[in-house]
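Model the full structure from these sequences, guided by the hints.
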Amino acid sequence: MEAGGASASRNRLAVAGARATTEAMLRDQPRGDVIRNTVFAGLLLLAVAIALAGLAALLIQAFVRGSSALSLDLLNNPPSTAFPDKAGYRPAILGSLELIAGVVLFVVPVGVGAAIYLEEYADKTRWWNKLIEVNIQNLAAVPSIIYGILGLAFIVRGPLDLGFILVAGSLTLALLVLPMVIIASREALRAVPDSIRQGSLALGATQWQTIRRQVLPASIPGIATGVILAVSRALGETAPLLLVGATVFVTFDPTPLGTDGYSAMPVQIFNYALRPQDEFQTLAFAGVIVMLVVLLAMNSFAIWLRNRYEKRW
Amino acid sequence: MLQAQSKRYGERAIKWLLALCAVLSVLTTTAIVISLLGPTIGFFEIVSAKEFFFEVDWTPQFQPPSFGVLSIVAGTLNVALWAMLFAIPIGLGSAVYLSEYASPRVRKTIKPALEVLVGIPTVAIGIFAVSFLLPHLIVPLWPGDFLGGAEGKPFMALAASLGIGLMVVPIIASLSDDAMRAVPRGLHEGAYALGATKAKVATKVVFPAALSGIVASIVLAISRAVGETMIVVIAGGSTPKFTLNPVESIQAMTSYIATTATGDISTGTVDYKSVFAVGAVLFVMTLIMNVVSIRLVRRYREVYE
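Going down the list, the protein sequences come from chains R and S. Those letters in the first sequence? Residues 15 to 327, per this note's numbering, in order. Those letters in the second sequence? Residues 925 to 1229, per this note's numbering, in order.
No lab work stands behind these hints: they were computed from the structure. What you are looking at is a predicted structure, and each value in this text was computed from that prediction instead of being measured. Idealized CB from N, CA, C, for every residue including glycine. A few of these clues could be false.
Distance condition first, Cα-Cα at most 35 Å in a straight line; then the derived DSBU-like pairs of lysine-lysine [said to hold, decoys possible]:
{"id": "1", "chain 1": "S", "residue 1": "K974", "chain 2": "S", "residue 2": "K1165"}
{"id": "2", "chain 1": "R", "residue 1": "K138", "chain 2": "S", "residue 2": "K1035"}
{"id": "3", "chain 1": "S", "residue 1": "K939", "chain 2": "R", "residue 2": "K144"}
{"id": "4", "chain 1": "S", "residue 1": "K1165", "chain 2": "S", "residue 2": "K1077"}
{"id": "5", "chain 1": "S", "residue 1": "K1032", "chain 2": "S", "residue 2": "K1122"}
{"id": "6", "chain 1": "S", "residue 1": "K974", "chain 2": "S", "residue 2": "K1124"}
{"id": "7", "chain 1": "S", "residue 1": "K1032", "chain 2": "S", "residue 2": "K1165"}
{"id": "8", "chain 1": "S", "residue 1": "K1122", "chain 2": "S", "residue 2": "K1035"}
{"id": "9", "chain 1": "S", "residue 1": "K1035", "chain 2": "S", "residue 2": "K1128"}
{"id": "10", "chain 1": "S", "residue 1": "K1035", "chain 2": "R", "residue 2": "K144"}
{"id": "11", "chain 1": "S", "residue 1": "K974", "chain 2": "R", "residue 2": "K138"}
{"id": "12", "chain 1": "S", "residue 1": "K1128", "chain 2": "S", "residue 2": "K1032"}
{"id": "13", "chain 1": "S", "residue 1": "K1035", "chain 2": "S", "residue 2": "K974"}
{"id": "14", "chain 1": "S", "residue 1": "K1077", "chain 2": "R", "residue 2": "K100"}
The following label-pair restraints were derived from C-beta to C-beta distances [unchecked claim]:
{"id": "15", "chain 1": "R", "residue 1": "L174", "chain 2": "S", "residue 2": "W940", "range": "19 to 25 Å"}
{"id": "16", "chain 1": "S", "residue 1": "K1128", "chain 2": "R", "residue 2": "D137", "range": "41 to 47 Å"}
{"id": "17", "chain 1": "R", "residue 1": "A63", "chain 2": "S", "residue 2": "P1067", "range": "50 to 56 Å"}
{"id": "18", "chain 1": "R", "residue 1": "L271", "chain 2": "S", "residue 2": "S1190", "range": "20 to 26 Å"}
{"id": "19", "chain 1": "S", "residue 1": "E935", "chain 2": "R", "residue 2": "V148", "range": "24 to 30 Å"}
{"id": "20", "chain 1": "R", "residue 1": "V78", "chain 2": "S", "residue 2": "A1117", "range": "50 to 56 Å"}
{"id": "21", "chain 1": "R", "residue 1": "G56", "chain 2": "S", "residue 2": "E1113", "range": "23 to 29 Å"}
This is the structure:
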């Protein structure tokens, strides 16, 4: 008891001594260092503040200049050059929804399929699998306008020859976001621990049964997050659609295979923004508000989903 | 017992089906290359490579037309250069703050807030650049007649640059933050134990250790800036000019493509083919940067995983 007490007090003494020495050393730090340290921290904060101020300014400006045009008519009326006060986004909104539906139908099976192959089946030392991998990483960074060129030369004309229809736009956007979905799905699959797979295989399940009943269900939140983020990217894309036939003066409700043209939300915003009159500018900002609300809701939902269902093994 | 594997044809069919999905991505790249190559070759049958690569007049609409790609390449580089001069310090500053200074709680609010910027449609950023940044920030702050002055110009490279800069800040911040956080704690603590200040640890220990990841994030950001279309279409103007002057109205490669190749262009004309030739130049430029960036990321992963 007594010995223990002595060692404890000796410890306390030693700790106090060490702390005193350290603090003395810190106080002895050259003055220049302390000042430089403070200035450096200030500059870093300034950098963060500038970035956040840019974001805030963008949101505030859109709201200030566009909010007066926000109404149900905005969502429900077709565009009009003659009556800007009655013009709206109806065909563009419907066009965007149809485009996105097409993107999801294509990108979910193909993207998840590719991810399953690369994570669960592929022998990563083989050159062809390495090629696929580098190729996907590179595709993720190819400019969107290049996908527009691909859509124009390969889907609208050329081999597929679909013409300027909505489905062609959908396919173009799907190819654009496919790498994003593959990369996100692979990460979700990789997060499932190997013990789950081995347990299932040891019980006699085949590889595909293991994937379908164990691995895939466990990774669905991660995959869903990736798909939502990819869809929100596709929703905001303008440039490739300009090349594959999204025209701006569609005053009727577009259909997937209709040859009379289709429109999309960002393309319509772009067109209103190009017109110098104030009324059209207001319409453009109102459209920006609608898009920002939808996209922010989607992105927040994706983040919530990831945090809510993120499994810790 | 072990023979079961070979009889399961369904299992094998599934594997091949999944492999097909993965191969589709390679086919996409092939399709991009083929669709660029065909019309580009056709283009060079009409316009000489010497004119395309070495002359500085880009006037496809004149009679006779001139296709000197250097002036729209300069437009792209002009925008990308000034965008990076803005985005690199802001992005890296934010990254160092997030990884070295911010408490976990602050980090958890600031990082997603910055990443919101990535999700904003570029059309919205372009409109913001031309209707807010240009009249309310660049014009009042620009020093008088310097480089020709900013007053009264409806479009300029610098407006597009700031918009793009804002767009790529989160890319640099987020990826560099990841790279710096991958630096082992031991390196930090060793430096602190030797009496280094926080600023010294950040700049002399963590930053160099994460350098390849940081450079990769910057290269990726440059590639995004070069490939960005809507912001330069809306804010950059449409006058091809061989200059790096930020207060000039310019035309970038992407904006030429986007404004020329709209729905009603007829196939087979020089204009149509020129879109693909410019696209090929753009594709090669971004491809080189992407490959560099992928390589760098892989290198830093090898060191610390």
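Tested hints:
{"no.": "1", "hint": "S:K974 / S:K1165", "result": "holds (19 Å)"}
{"no.": "2", "hint": "R:K138 / S:K1035", "result": "holds (33 Å)"}
{"no.": "3", "hint": "S:K939 / R:K144", "result": "holds (17 Å)"}
{"no.": "4", "hint": "S:K1165 / S:K1077", "result": "holds (15 Å)"}
{"no.": "5", "hint": "S:K1032 / S:K1122", "result": "holds (21 Å)"}
{"no.": "6", "hint": "S:K974 / S:K1124", "result": "violated (51 Å)"}
{"no.": "7", "hint": "S:K1032 / S:K1165", "result": "violated (44 Å)"}
{"no.": "8", "hint": "S:K1122 / S:K1035", "result": "holds (21 Å)"}
{"no.": "9", "hint": "S:K1035 / S:K1128", "result": "holds (24 Å)"}
{"no.": "10", "hint": "S:K1035 / R:K144", "result": "holds (32 Å)"}
{"no.": "11", "hint": "S:K974 / R:K138", "result": "violated (44 Å)"}
{"no.": "12", "hint": "S:K1128 / S:K1032", "result": "holds (26 Å)"}
{"no.": "13", "hint": "S:K1035 / S:K974", "result": "violated (48 Å)"}
{"no.": "14", "hint": "S:K1077 / R:K100", "result": "holds (31 Å)"}
{"no.": "15", "hint": "R:L174 / S:W940: 19 to 25 Å", "result": "holds (23 Å)"}
{"no.": "16", "hint": "S:K1128 / R:D137: 41 to 47 Å", "result": "holds (42 Å)"}
{"no.": "17", "hint": "R:A63 / S:P1067: 50 to 56 Å", "result": "violated (24 Å)"}
{"no.": "18", "hint": "R:L271 / S:S1190: 20 to 26 Å", "result": "holds (23 Å)"}
{"no.": "19", "hint": "S:E935 / R:V148: 24 to 30 Å", "result": "holds (28 Å)"}
{"no.": "20", "hint": "R:V78 / S:A1117: 50 to 56 Å", "result": "holds (52 Å)"}
{"no.": "21", "hint": "R:G56 / S:E1113: 23 to 29 Å", "result": "holds (25 Å)"}
Hint violations for this structure: numbers 6, 7, 11, 13, 17, all remaining hints satisfied.
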